[in-house]
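Those sequence lines, one after another, are chains A and B.
Here our numbering is used: the first residue of the first sequence is 1, the next is one more, and so on.
Here our numbering is used: the first residue of the second sequence is 1, the next is one more, and so on.
Honestly, the hints are just simulated from the structure, not real lab data.
In this text, all values refer to a predicted model and were calculated from it rather than measured experimentally.
Watch out, some of these pointers could steer you wrong.
Have a look at the derived ranges for each label pair, beta carbon to beta carbon [to be verified]:
no. : chain 1 : residue 1 : chain 2 : residue 2 : range
1   : B       : Trp380    : A       : Lys2      : 54 to 62 Å
2   : B       : Arg391    : A       : Gly352    : 50 to 58 Å
3   : A       : Gln241    : B       : Pro113    : 16 to 24 Å
4   : A       : Gln241    : B       : Ala364    : 39 to 47 Å
5   : B       : Ala364    : A       : Gly352    : 45 to 53 Å
6   : A       : Asp249    : B       : Glu388    : 45 to 53 Å
7   : A       : Ala237    : B       : Leu340    : 53 to 61 Å
8   : A       : Arg102    : B       : Arg149    : 42 to 50 Å
9   : A       : Ala260    : B       : Arg354    : 23 to 31 Å
10  : A       : Met51     : B       : Asp225    : 34 to 42 Å
11  : A       : Arg309    : B       : Ala364    : 40 to 48 Å
12  : B       : Asp225    : A       : Gly313    : 25 to 33 Å
Just a few of them, taken from the derived set where beta-carbon distance is under 10 Å, the chain A residues facing chain B [stated by the list, open to error]:
no. : residue
13  : Ser130
14  : Leu147
15  : Arg232
16  : Ala287
17  : Ser366
Here are the computed lysine-lysine pairs in the BS3-like style, where the Cα-Cα straight-line distance is at most 30 Å [what the hints assert, rightly or not]:
no. : chain 1 : residue 1 : chain 2 : residue 2
18  : B       : Lys191    : A       : Lys2
19  : A       : Lys50     : B       : Lys191
20  : A       : Lys79     : B       : Lys396
21  : A       : Lys198    : B       : Lys191
22  : B       : Lys396    : B       : Lys384
23  : A       : Lys50     : A       : Lys92
24  : A       : Lys360    : A       : Lys50
25  : A       : Lys2      : A       : Lys92
Here a beta-carbon is modelled for each residue, glycine too, at the ideal position from N, C-alpha and C.
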Amino acid sequence: MKGPLNGVRVLDFGLLTAGANTSAMLADLGADVIKIESGAYIDPFRVVGKMDNDDGWWNRSPPFRFTNRNKRGLALNLKDPEGQRVIRELAKQCDVVVENFRRGVLDRAGLGYAALKECNPRLVFAAISSQGDTGPERMNVSFGSTLDATSGIASITGYEGEEPRISGMDVNYPDQIVSLFATGIVITAVMEARRSGKGCFLDFSQREVASFTLGEEILAAAADPAYRLTPRDNGEAGVVQQDAYRCADGRWIAVTLDSADPSLDAFCAARDSGAAVAALLARGIAAAPCSDGSELLADGALAGATLVRDENGWLVKGLPYRLDGRGITIERAAPELGQHTDEILRELLGYGDAELARLKDSGVTSTTPAIGDV
Amino acid sequence: MTGSLLDSGEVIFALWSATNRVLQRRLSSDLVCRPSFETVATRPPQDEDFAGPANASAYERRAPSGRACILPGHAPSDSVAASSNIFDDRTVPSEPLSLPLARFTLVEVNDRPVAPCLRLATSLAGKIAADLGAAVLKIEPPGGDPVRRMPPLLPTGESALFHFLNTSKRSVVLDLDSESGRASLQRLLGKADAVLFEEPASVASLARTSRATPIEIAAFPVEMDAATRPVSELVLQALGGLMHMIGEPARKPLKLGGHQASYAAGLTAFTGLAAALAAREAGQRAPAVRVSLAEVVQWVNWKAASGAAATGASPGREGRNSEFQVVPCRDGHVAVVYTLTQWPALRRLIADPRLEDPRFATRAGRRQHIAALYEILTPWFADKSREEIGRTAQAKGVPFGPIFTPAELLANEQYLARSFLAEVAHPTADRLLMPQLPVQWNGRSFAPRPAPSLEQAELAA
Numbered sequence: 001m002k003g004p005l006n007g008v009r010v011l012d013f014g015l016l017t018a019g020a021n022t023s024a025m026l027a028d029l030g031a032d033v034i035k036i037e038s039g040a041y042i043d044p045f046r047v048v049g050k051m052d053n054d055d056g057w058w059n060r061s062p063p064f065r066f067t068n069r070n071k072r073g074l075a076l077n078l079k080d081p082e083g084q085r086v087i088r089e090l091a092k093q094c095d096v097v098v099e100n101f102r103r104g105v106l107d108r109a110g111l112g113y114a115a116l117k118e119c120n121p122r123l124v125f126a127a128i129s130s131q132g133d134t135g136p137e138r139m140n141v142s143f144g145s146t147l148d149a150t151s152g153i154a155s156i157t158g159y160e161g162e163e164p165r166i167s168g169m170d171v172n173y174p175d176q177i178v179s180l181f182a183t184g185i186v187i188t189a190v191m192e193a194r195r196s197g198k199g200c201f202l203d204f205s206q207r208e209v210a211s212f213t214l215g216e217e218i219l220a221a222a223a224d225p226a227y228r229l230t231p232r233d234n235g236e237a238g239v240v241q242q243d244a245y246r247c248a249d250g251r252w253i254a255v256t257l258d259s260a261d262p263s264l265d266a267f268c269a270a271r272d273s274g275a276a277v278a279a280l281l282a283r284g285i286a287a288a289p290c291s292d293g294s295e296l297l298a299d300g301a302l303a304g305a306t307l308v309r310d311e312n313g314w315l316v317k318g319l320p321y322r323l324d325g326r327g328i329t330i331e332r333a334a335p336e337l338g339q340h341t342d343e344i345l346r347e348l349l350g351y352g353d354a355e356l357a358r359l360k361d362s363g364v365t366s367t368t369p370a371i372g373d374v
Numbered sequence: 001m002t003g004s005l006l007d008s009g010e011v012i013f014a015l016w017s018a019t020n021r022v023l024q025r026r027l028s029s030d031l032v033c034r035p036s037f038e039t040v041a042t043r044p045p046q047d048e049d050f051a052g053p054a055n056a057s058a059y060e061r062r063a064p065s066g067r068a069c070i071l072p073g074h075a076p077s078d079s080v081a082a083s084s085n086i087f088d089d090r091t092v093p094s095e096p097l098s099l100p101l102a103r104f105t106l107v108e109v110n111d112r113p114v115a116p117c118l119r120l121a122t123s124l125a126g127k128i129a130a131d132l133g134a135a136v137l138k139i140e141p142p143g144g145d146p147v148r149r150m151p152p153l154l155p156t157g158e159s160a161l162f163h164f165l166n167t168s169k170r171s172v173v174l175d176l177d178s179e180s181g182r183a184s185l186q187r188l189l190g191k192a193d194a195v196l197f198e199e200p201a202s203v204a205s206l207a208r209t210s211r212a213t214p215i216e217i218a219a220f221p222v223e224m225d226a227a228t229r230p231v232s233e234l235v236l237q238a239l240g241g242l243m244h245m246i247g248e249p250a251r252k253p254l255k256l257g258g259h260q261a262s263y264a265a266g267l268t269a270f271t272g273l274a275a276a277l278a279a280r281e282a283g284q285r286a287p288a289v290r291v292s293l294a295e296v297v298q299w300v301n302w303k304a305a306s307g308a309a310a311t312g313a314s315p316g317r318e319g320r321n322s323e324f325q326v327v328p329c330r331d332g333h334v335a336v337v338y339t340l341t342q343w344p345a346l347r348r349l350i351a352d353p354r355l356e357d358p359r360f361a362t363r364a365g366r367r368q369h370i371a372a373l374y375e376i377l378t379p380w381f382a383d384k385s386r387e388e389i390g391r392t393a394q395a396k397g398v399p400f401g402p403i404f405t406p407a408e409l410l411a412n413e414q415y416l417a418r419s420f421l422a423e424v425a426h427p428t429a430d431r432l433l434m435p436q437l438p439v440q441w442n443g444r445s446f447a448p449r450p451a452p453s454l455e456q457a458e459l460a461a
């Protein structure tokens, strides 16, 4: 794949969205991304999206496929000293590490930044964690919407006068945005490492990323203790009137007005959503339907570059941006567990048949999970 | 007339370059804010059990920092804050200090009125690059960027939104409706590495054909051919399917608080910019980058399309039917969040024998009996504080989320320990804080430098 990150190799310990999607975005820019799992610890997305209980179920999860396309897969037991040795050997051939384990997990395996930096001082090591690598809450765990709550976003989300709201498990908003930011910072650090020959440790707190999106709210609250911080409904400071309105066909549309119009409720209630949106747009008023997933799937123009199909015809995640007007072609579908273990160990470490067989027989490498649930 | 303004383009650029060189020198000498601004709490003692890679010899933990000076109208240029020394390896103290994007120059064009949601995205991408050291010159229309008047406002009447989104930039007012203004812009673009601008832009063809790599922010994907369609952030959260996911199923859909569509797009644009700069530096032709808010919202909301494709039915807002719900506690609210593997730990935490009921043994069972489940869970929270709930849940490995307001985060221990919120100097207010970039690079943060005042921008013109 031709791209700005051609020649960059990524050792990807990323799991679920925050980590695995950061490395996926690096792959989309041309990096060679090697996803590391083990039979004893597979990416939870393989389980969360479980479609059936038949053999090979772990290779059929849609959320895993969505997030890990364009990567190669290597399965290696990180608790085995032999597996740890192989990782340290691989680290010498890599430029970037992405991980979002709980703090301390890789350190205990002898695979934290301090250890890998000894193997390769050029390494850019991106540690993405709930709270960051320092501070009293560094060992805290979180899952998606935990951070809607603790970052401040939930406090200003919700119906007027009611309790705060989280984005929920089908959005897990804070996990999504961290990869949008972390990818750019990793690229910046790769540029620096190319220039200086020195890598670095990048410490991302997912909670901080979510709070960063409320920068002006934090600044305003710091300046004025009386500043109002409660659920905002669909309103927005400085906007005269905007909300979701129910139409005659039962569907909701979102409308933003420059000057207040109390008749908008009745206007929408009297029309089907399509007609209401068209009429409002014709008057120069911003309006759109509240799309659901099926509608997004059906509208190729709206989906733009965000959805693509892999070589097997499966729908997977595309790009959030265009480069030279284009989205991406998926070069490879998401890897099966351990699909490229032998290929990678031959190519990068020069292992032969005997060595590969030994690793397999001793259970260091594998292609089947040792667990059914995570 | 035209000639003199052409010259003024050169003058602007010269001034800008010179100032930037001065700025970089200042950073190099680790000059910090005036002493009166250095009232920042030093780091608390490091946690004893620190086991990360950050032992002192491996790399430097962050120094006490979080200094920033803002409100440039009151703080002249010599109060530019030094960012922390992010590349300094303490074993080589003589190594010159630099910021990672210091060698790049960017122009951010805020053209004639565009929807504010696009402007916020452009400005955020420019801000991140500027905080990382890029020389970012913001082109404002006569009268200034309308964001300067957008809420929330500080008690002084200044826009907190503008100040947050324009840190570390310089600014100049140019009338891009005039031939001379466009000529000045062209000169500036001839010396920049990248240009950020919004669609529809009167200067789009200029931006796309200059030496600078174009980074374009739009509302809709190109396929929609909707450059002139009226737009707002709410409408984009709706169109991209995010609103459908939030609220009660029988009631109206809700948007996420803040400017999430704009900011997610701003983060995306920064990543696109970084990719373009990396290509330039690697000797490749840099790709033109285009970010649409509608695509970003859908990309963020990918589980809607993924779920619909996998099951034939779209996920949607579940409200009180959701496994994750917000429940009241003694001093506020807590989000109940847990994964499949954390269910046993949650049961041990709540320690109510009714949770052993086989109805709740599987995820499907819990979903089917969600109201009964929450009837058991909710009373446990009622007499406890958020702090107590968060602490005891974490001790059992359960990721409940105490809900904090931005005001409460000002005193949050974790944020204080990491100096995440940078102190901002102000002539009348006591203590203003704003988030720094949410990354520490070898233990160091990037303290934001003040946003440019309109007076400075007009003077530069």
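Could you see if the CB distance from Met51/A to Asp225/B stays within 34 to 42 Å? 37 Å, holds
Using the C-beta atoms of Asp249/A and Glu388/B, is the stated range 45 to 53 Å upheld? 48 Å, holds
Restraint satisfaction for Ser130/A [CB to CB of chain B, less than 10 Å]: Given a least distance of 8 Å, the restraint on Ser130/A holds.
Range hint compliance [Cβ, Arg391/B to Gly352/A, 50 to 58 Å]: Taking Cβ atoms as reference, Arg391/B and Gly352/A lie about 53 Å apart, which means the hint holds.
With 10 Å as the cut and Cβ atoms as the points, is Ala287/A at the interface with chain B? 6 Å, holds
Using the Cβ atoms, figure out if Arg309/A sits within 40 to 48 Å of Ala364/B. With Cβ atoms ~30 Å apart, the hint is violated.
Run the distance test for Lys50/A versus Lys191/B: straight-line Cα separation, threshold 30 Å. 53 Å, violated
Range agreement (Cβ of Leu340/B with Cβ of Ala237/A, hint 53 to 61 Å): Since Ala237/A and Leu340/B have Cβ atoms about 40 Å apart, the given range 53 to 61 Å is violated.
Any CB of chain B closer than 10 Å to the CB of Ser366/A? 21 Å, violated
Take a quick look at whether Lys79/A and Lys396/B sit within 30 Å of each other, Cα to Cα. Distance of about 23 Å is within 30 Å: holds.
Ala364/B paired with Gly352/A, Cβ distance criterion 45 to 53 Å: 48 Å, holds
When you check the alpha-carbon spacing of Lys191/B and Lys2/A, does it fall within 30 Å? 27 Å, holds
Of the numbered hints stated above, those contradicted by the structure are hints 7, 9, 11, 17, 19, 23, listed in ascending order.
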